[in-house]
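Visitor: Make a model of the complete structure from these sequences and hints.
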Amino acid sequence: MKSLLVLLLFAVPAGAQQFTYRGFAEVQATGYMQPAPQDDGRVWSAALFRVEPAYRPADWLTLSGSFDARVDSAEQVERVWRIDVQDRGLQRPAFSVRHAQATLRKGTLAVDLGKQFVRWGKTDILNPTDRFAPRDFLEVTDADFLAVIGARAQYERGGQSFDVVWVPTFTPSRVPLLEHRWAPLPPQASGSAGFVDLGAAFPQRSQYGARWNVVGPGFEASVSYFDGFNHLPQYTATPLSSRPLIALQRTYAPLRMAGADGAVPLRWFTVKGEAAALFSHSSEADDVVLYIIQLERQSGELSVVAGYAGEVVTANRSLFEFAPDRGLTRAFLGRVGYTIGPTSDVSFEAAVRQNLDGVWLKGQYSKAVGAHWRATLAGAVIGGDERDFIGQYNDNSHVLATLRYSF
Amino acid sequence: MSDRPLSSGHRRSRLHAVTLALALALAAPVLAQDDARKIVEEAQRRTESKSQRYEGLLQVLDGKGKVADKRWLFTRLGSHGQSKAVLRFLAPAEVKGVALLIVNHPDRASDQWMWTPALQRERRIALQDRSTRFFGTDFSFEDLEERDVDQYRYRLLGEEVIDGAACWRIESTPSEKKISQYTKSEVWIRKDTYALAQVESYIKTAVVRRLKYSNFAQQQGIWTGRRLEMSDLRRNSRTILTLEKLEYNMPLKDEDFTLQALRNPV
Chain S
5 MKSLLVLLLF AVPAGAQQFT YRGFAEVQAT GYMQPAPQDD GRVWSAALFR VEPAYRPADW
65 LTLSGSFDAR VDSAEQVERV WRIDVQDRGL QRPAFSVRHA QATLRKGTLA VDLGKQFVRW
125 GKTDILNPTD RFAPRDFLEV TDADFLAVIG ARAQYERGGQ SFDVVWVPTF TPSRVPLLEH
185 RWAPLPPQAS GSAGFVDLGA AFPQRSQYGA RWNVVGPGFE ASVSYFDGFN HLPQYTATPL
245 SSRPLIALQR TYAPLRMAGA DGAVPLRWFT VKGEAAALFS HSSEADDVVL YIIQLERQSG
305 ELSVVAGYAG EVVTANRSLF EFAPDRGLTR AFLGRVGYTI GPTSDVSFEA AVRQNLDGVW
365 LKGQYSKAVG AHWRATLAGA VIGGDERDFI GQYNDNSHVL ATLRYSF
Chain V
118 MSDRPLSSGH RRSRLHAVTL ALALALAAPV LAQDDARKIV EEAQRRTESK SQRYEGLLQV
178 LDGKGKVADK RWLFTRLGSH GQSKAVLRFL APAEVKGVAL LIVNHPDRAS DQWMWTPALQ
238 RERRIALQDR STRFFGTDFS FEDLEERDVD QYRYRLLGEE VIDGAACWRI ESTPSEKKIS
298 QYTKSEVWIR KDTYALAQVE SYIKTAVVRR LKYSNFAQQQ GIWTGRRLEM SDLRRNSRTI
358 LTLEKLEYNM PLKDEDFTLQ ALRNPV
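Order-wise, the sequence lines are chains S and V. Just so we're aligned, residue 5 is where the first sequence starts under our numbering, counting upward by one. Just so we're aligned, residue 118 is where the second sequence starts under our numbering, counting upward by one.
Worth flagging that the hints you see were computed from the coordinates, not collected in a lab. Just so you know, not all the hints are guaranteed correct.
Said to hold, decoys possible - Taking lysine-lysine and the DSS-like style, the derived pairs with C-alpha atoms no more than 25 angstroms apart in a straight line are:
#1 V:K294 to S:K371
#2 V:K155 to V:K295
#3 V:K183 to S:K110
#4 V:K295 to S:K110
#5 V:K213 to S:K371
#6 V:K294 to V:K321
Guide: Structure representation (structure tokens):
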């Protein structure tokens, strides 16, 4: 990884024709409507600088990367002078290699090596087959994707493509910090004064997967297989006898997935579906089938996506886990976007559990100013029962203002 | 005028004249259809090239004036219904890297996929979504397709002068296999160069988009309008596309027009 980075940096001045970059600097302020039991901070602010260079020294080789520098007021970002590559820390690194990869292409074969994003699935709101896509859930409802370190080979011919992925190093999803308002509280936590983090036990073996995708004139479909680990943790909670504290350790259950997804455009809308059967041979993780069916339509300036995400538990074994993917199932999900003009748009998103125990609604207005600036104002309302995955965040309704300069 | 009755010979020749006139009147639409198709075929033949590349400067203007500038790099391999094209945004900065792959077919609508770097995913643009504006411009996804002569039926409507140039005015109606947001289009083709001068696209009976070509010049033997002005008549907005660094018939590889290649940032 280091040698790839060095190669990328030294290659930069050489190629004027085949070099490109993009990036942005962003400041963000979040205001919460009320204090949370474990966190009375109401205003968070953060700044992020990201640069994404890419260089193609030869027809068959492309080097690309993305590098972040960030700071915040809520101490979700480390205060350490180091460049992070693995993205395994509890906090976001202040300086990080977000992704850095070499893409080698020969004919219809492409091989990606390095830290990269691997995205599977076709639906837009939830992707049960997207198993190589850990996320940063420090703020649960605004979760960015994390890249994984590994190799990927894709063979594409005609309307078919075959994708094989090998990931030797595990990258977990980043979970909300204990003592912060987005932390999930295990049942053992009631009445305790706080938590002690015993860290994480990361899996040691490689993960791999394969996906076959077919594009036809009236459909698109794929089947996929994954053998690895759940990037979302389970918590082992142990009350400490000496103090009124709970000791928490994160573990990651082994997981196998058989999945499929498809899209069929019909006269009035596109039907998209995705399903994944997840099997674990851990004694503490559930076997589940996650599925989503959605309808999608764009017309003029309006885009609408609406669907239902479901879950069938085939073996119930888990103790306590942080599982936003399952937390958004048994729910109706939707998104409506409207382009007001060439520089502004508005969107609304919603997730409503079918038993109404959890409701999340978000509205957003965004406007570009000039060639580089964009201002975004968003508001999210969260309500529901504290035992529900969404409802447990009913103290976290917030407004969010973002100002971004892109270059 | 004589009151004298017509002789049988006169009656026969008059009958012949009426029959001929009737036959011509009945045949006129067929002839016009044939002529129109031949004109479009010739226009297509004259613009055929193995490949094309240009940098497009887009100026999006609403009713009040200029709103936004965008820039894309367009590359095409093949011609008309046998072509593939990649359109990659170069500016503004926030959409840099967004790319569209268009696979055109001779007998039906194209296949289109859009790659968004921020999402790290490509998305197929469904047929029924092709009326959507393409990234805030006045071009819809369908307008970015390359038309093929076989996808439409034609009728010659007459002749008109556009920007001082004599043109044929031809109505084109999508064939049954060609799914289109437009009910029909009227196309103006210049008589001197067979270059497209104007296209008006209709939904039912109303003109909804007008595309005007200007600044014509020959590039490697192909007459090309280097300034395209697309007006969305329902929104009262327009987008001016200026073709810069235009080239034809440069060597391009088939493998640069795949979903794999779409993900490549350079």
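Visitor: Confirm or reject each hint.
Guide: Hint by hint, here is what the structure shows:
Of the pairs offered as hints, the one joining V:K294 and S:K371 is violated, with about 40 angstroms between alpha carbons and a cut-off of 25 angstroms exceeded. Annotation: proposed proximity of V:K155 to V:K295 holds, straight-line Cα distance about 20 angstroms (limit 25 angstroms). About 44 angstroms separates the Cα atoms of V:K183 and S:K110, which puts this hinted pair outside 25 angstroms; it is violated. Among the hinted pairs, V:K295 with S:K110 is inconsistent with the structure: their alpha-carbon atoms are about 35 angstroms apart, more than 25 angstroms.
With a C-alpha separation of about 17 angstroms, the suggested pair V:K213 and S:K371 falls inside the 25 angstroms cut-off, and the hint holds. At most 25 angstroms may separate the alpha-carbon atoms for a hinted pair to count; V:K294 and V:K321 meet this at roughly 18 angstroms.
Checked against the numbered hints given earlier, the structure breaks hints 1, 3, 4 and satisfies all the rest.
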